[in-house]
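S.K.: Take a look at the letters that make up each chain.
Protein chains: 2
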Amino acid sequence: MRPSTRMKAGGTMLTEVEQKSERLAVGLMSGTSADGVDVALVKIEGGGIDAILTVIAHDTLHYSPQVRSRILACQGARAGNAREVTLLDSYLGELFAHAVLHICKKAGLRTEEVDFIGSHGQTLYHHPQPEKLPGFSVTGTLQVANPAIIAERTGITVVSNFRSRDMAAGGQGAPLASYLDYVLYRHRARSRLAVNIGGITNVTSLPAGATLSGVTAFDTGPGNCLLDLAVAHYSQGKLTSDKDGAWARQGRVDEALLANLLDHPFLKQAPPKSADKDEFGRAFFEKLLAENPGKTPYDMVATLAAFTVRSLVTALMEHLLRKERYEEIIVSGGGSHNPVLMEGIRRAFPKVFVSSADDYSIPSKAKEAVLMAFLANETILGHPGNVPSATGARNPVILGCITPAPRAFQQPGDKGPPQLGVS
Amino acid sequence: MRPSTRMKAGGTMLTEVEQKSERLAVGLMSGTSADGVDVALVKIEGGGIDAILTVIAHDTLHYSPQVRSRILACQGARAGNAREVTLLDSYLGELFAHAVLHICKKAGLRTEEVDFIGSHGQTLYHHPQPEKLPGFSVTGTLQVANPAIIAERTGITVVSNFRSRDMAAGGQGAPLASYLDYVLYRHRARSRLAVNIGGITNVTSLPAGATLSGVTAFDTGPGNCLLDLAVAHYSQGKLTSDKDGAWARQGRVDEALLANLLDHPFLKQAPPKSADKDEFGRAFFEKLLAENPGKTPYDMVATLAAFTVRSLVTALMEHLLRKERYEEIIVSGGGSHNPVLMEGIRRAFPKVFVSSADDYSIPSKAKEAVLMAFLANETILGHPGNVPSATGARNPVILGCITPAPRAFQQPGDKGPPQLGVS
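From first to last, the protein sequence lines stand for chains A and B. Each residue of the first sequence is one higher than the one before, starting from 17 at the first, in my numbering. Each residue of the second sequence is one higher than the one before, starting from 17 at the first, in my numbering.
Among these hints, one or two may not hold up.
Think about it this way: if two alpha-carbon atoms lie no more than 16 Å apart in a straight line, the pair counts; the simulated EDC-like pairs of lysine to aspartate or glutamate are [unchecked claim]:
1) K148(A) x E100(B)
2) K121(B) x D75(B)
3) K148(B) x E100(A)
By construction, these hints were calculated from the structure, which means they are not laboratory data.
Start from the sequences and build out the full structure, keeping to the hints where you can.
M.R.: What follows is the structure, encoded as structure tokens:
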């Protein structure tokens, strides 16, 4: 009975996808700030460093306040429990699947036309520092949004859990963006820095003419995380971010407080390093509030914006610009749309051309989701997806795990694609 | 640079494994009782219902008391947190990898000769009842033992997380054993029942000449879980199980208490049903102790053994034997080595031949680990691995996710397989 229901699947199906010269992929990302799901539908020609990526459609599906607080309640060292983590894993699997169906509809494509999905999931905990347990030192990372649910609802093969394998090979599991930065922004004759200001800020160095192993990358410190927390706090949850830097612009930077902030131990660590959201998270912000009761909202936000800029600028100076001249800084992430942050960076480096990822082929807002599609493509092709010089891994490794979803696998009695929300 | 380091991997590698007529696989299982890792090295010829399985070596690596209590602390609804779950996931990944290296050494095989690993992981939480959340009802299950770590330490491709996909398709994610029971024990002319007494007891019905979709399966109630808890409690942790039924044999069954136990709501549910360890877990046992303070250890264990037997017997009578005559019951799992349980079953069904899995090709102790190797083989071949008539799923699905580990992927400077415990 079984043999007759056998369809293209397993190795055979993946080989078919692998042998195509052009693949359609969906990338899914939900950042540590837990705002929503970034989804991008991407055409990928080829693979490896010569991959050509074209964004066909992208969008962000925002979480409702209830969903967001459910995520935040499970995020961090002592948060969540086995039950909450399990249910959130399934629930976000449903939402991620919904985002895939949404972007296909938006682009006017059938899900059958998509070759695979790359899903980052939602990080609940990230622990890159070795922890001594009996017999083994371990590191670990936890991303949820169950790939089996995404595969089952969409009928599309899913590649997920990208960070674990790099960490198994001794890496920090971050930043993952360096490989894509290399593909998108490397230049034969110009040295460039790719900076992403998400919740956390990270940088990828792309020296002129470098090979992939000449690339370094690390987290520089806070991105928008503290700014978002401050605006949400002062607006009592009405606002979630300092749109266009409006608050920061009206405030004055408290230089004493800023110096104090810049004393943070993370900023003193040598790269490669990756920041847990905890390092610049809610607890950090609440302590800051308690210690600075008289601060006006605008001044606090201005000081935090300066903290983001100054920690970035110092890290670039100390670890990169001392060794090499860079002609250009390409900024992506939510922070690239905050003129106060962009002006701060421009002022610090008057001789460097500071551009936005939007000036290049991939829209800044879609970049992290595109990264997931790109990394999934590498996994399907059997290419390693980490950059050891960026993550600190001992060796290149194939990232992620593959949840196969041969769309041809339909029983005679089936009535088309499964419905959402039925379980 | 990347293209030159490209090796057989992704689809191509999986296709090579798929096209072999005979594969070597390692199966890994850690049951809900969290005693240790069962590992089996299995030769699999072909696949599907005609697969031929031969156990080459098997063993159980027991957890130290510290590791066991770490697991138990993360197990169940309100247990663990994001940090503990993440670190346990990595730590068990190391231990599972160690078990693979151990069984290869024991069998005198190099890891390079193994085609893939099927790993169940350690269940921390299993929630098959739909839970209403905004927009979606979700079920969920959480198994840990990070496959990326197993793949990285062994250099062998890992298939893991078998239960999620069945649940995504509306199933209970359990029992998974029914497919293998069908492969091993089906008979053209004899109707058989395959009973596994692990922590929980489950049954697979194999009517004479049935197709796979004629198979039903469900959990009948407790297996050894309560017996183990009782013996550990009364021996103050010195013993972990009632070896050879020695305690039960010396005690007297309290019929009033037994009747009370048999009133458990799980036993009244109609199949398909799967029991969470919570249903007959520590809390249940502690309540039982508190309500029966005068009970002697032997009487309590005798009564709990009778509870295991009677709940099984009643379930078989009500749901299976009323509809069909069965000639044989094949018992596997730890309970098959407990003569008190076996005698109890024999006494209840004097006309049925009660045998042990040890009388068949797969040793009872290795069966669950062999199941994982078998299911991984089905995933690699692109076969569905669930039995909808057993789990309640809407449709057959390919189970698990594949973490590829092309063993050929070694950088020029590499010095053989990675070391254990380095991270």
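S.K.: Now look at each hint and say whether the structure bears it out.
M.R.: Quick rundown of the hints versus the structure:
| no. | hint | verdict |
| --- | --- | --- |
| 1 | K148(A) x E100(B) | holds (13 Å) |
| 2 | K121(B) x D75(B) | holds (12 Å) |
| 3 | K148(B) x E100(A) | holds (13 Å) |
Of the numbered hints stated above, none is contradicted by the structure.
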